[in-house]
Amino acid sequence: MTVLAHGVGARHDLPLPLDLVLQGAAVALLASFLALGLLWTKPRFAAAEPKSERDWWPVRLLVAVGLVLVPAQAWPHLVFVLVWVGVPVLSVLVGPVWRVVNPLRLAARVTLGRAYPERLGHWPAALGLLAFTWVELVSPDTLPWFLVGYAVVNVAGGVVFGRTWFERADGFEVFSTLLGRLSPLRGNPFRALVATPVRPGLVAVVAVLLGSTAFDSVGSTPAWERLSVPDTAGLAAAVALVAGSYLLACRSFGGQLAHSMVPIVAGYVVAHYFSLLAVEGQRGVALLFGITGFTPDDTLAAPVLVASVQLGAVLAGHLLAVVSAHDRALRLLPADKHLTGQVPLLVLMVGYTSGGLALLFAG
Amino acid sequence: MKTVHALLLALLVLAGCSATPQASPPAEPLVLRLSVEQASPQRVEAVRGQAVELTVTSEQPVDVHVHGIDVLAKAESGKPAVLKFTVDRTGTFDVEAHPDTLLVQLVVR
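Top line first, the protein sequences correspond to chains A and B.
Under my numbering, the first residue of the first sequence carries the number 1, and numbering increases by one thereafter.
Under my numbering, the first residue of the second sequence carries the number 1001, and numbering increases by one thereafter.
Rather than coming from a laboratory, the hints here were simulated on the basis of the structure.
From the three backbone atoms N, C-alpha and C, an ideal C-beta is built for every residue, glycine too.
Wrong hints could be hidden among the right ones.
[To be verified] Some, not all, of what chain A presents toward chain B, calculated at C-beta under 7 Å:
hint	residue
1	Ala-10
2	His-12
3	Leu-14
4	Arg-109
5	Gly-113
6	Arg-114
7	Glu-225
8	Gly-293
[Unchecked claim] Among chain A residues calculated to face chain B with C-beta under 7 Å, some are:
hint	residue
9	Arg-199
10	Pro-222
11	Arg-226
12	Pro-303
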């Protein structure tokens, strides 16, 4: 039995070369302010909520039956790689998949049908995601307890509140649905993004997603180890830093621009976890079939490829975020503030993107 | 959107050009002496294919292992752990004393 860093995965990526980090940050800065001047001056994207599908209960039933057969040693890879990284990446490509495969959603079929309190919004999802990232990054051994807790809370929530519970309060589904808005297969991603309902706790969800991934980079550096600060404090500080900086830059808009952070989250998740998914994902699938001595092929973890994917994903996310925030800001701001009003948000985004690149260099 | 595409393309080209060329492994091994009690983890650069020799001292009996490479040795008072191995792939590898004291991080290019 070996203790594994952040749940699974033994090897980290090479630090991104410093020249790439600097060039990337410069491109982000330049592109952002060019966009401000060059992009359209009247809002373009009308909100269009992607159609929700029919009920997928047979798929969920199949997954539920399949879970019983999962070998005990496959669980960490199943959760930390295939679900935590695989599901978001798949969501970006094809749309919200967690709602389709989540077996706990079966609970909503026997619901009492109480109305979900509006005030709760996405707060339970933010708390659930924070708890999960704590398990992933600080204490992977507590995974079984987390899974039991997650199942109990979500079955209970599903029985009391029905489907609405999962749409708003299940962290994994909220994460998957947010990233699913970027899927090009489901219509214009910008229109889907701007249709994101602004509920209490939305900013908190985004802050947990971005902050925890940032802390995963920081926490694995020797410099962080030398500080001897507890990892729990580091994780909390990273989330608080993201939330605080967003609220400071967007204080006049509140959650109205939170949707434009989604591409940044997606870009950073892909950059940070690409090689983990490509290499440990193979081991995860092998473990599901009970094969333990499998050696994954690590062609996809070649340094040049990883560096290109990291830089490409972070910058693509940044550009989508800038365009989406620009369009929304035109609607929210009075005409005489169209340019100046966007500056704090642009600075924030450039900060997140350069920070993200710097972390790929440091961690 | 054209600007966006052009910028993205320029970026990918940039990423491709800036990658450092592969160096051939040096003849001499990388030799490091580490202590579990006075752990002050650093990043140490190595080259793919280079031999690595780690000597780890500890007052308490402890397992020392390298993440991502199947090497494990025990250290105890007066009897340091010696790990000799060659890293044949690139990446960042943690050398840890059980359960989670980071001793050094090998950056293999």
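Structure versus earlier hints - violations, ascending order: Structure breaks hints 4, 5, 6, 8, 9.
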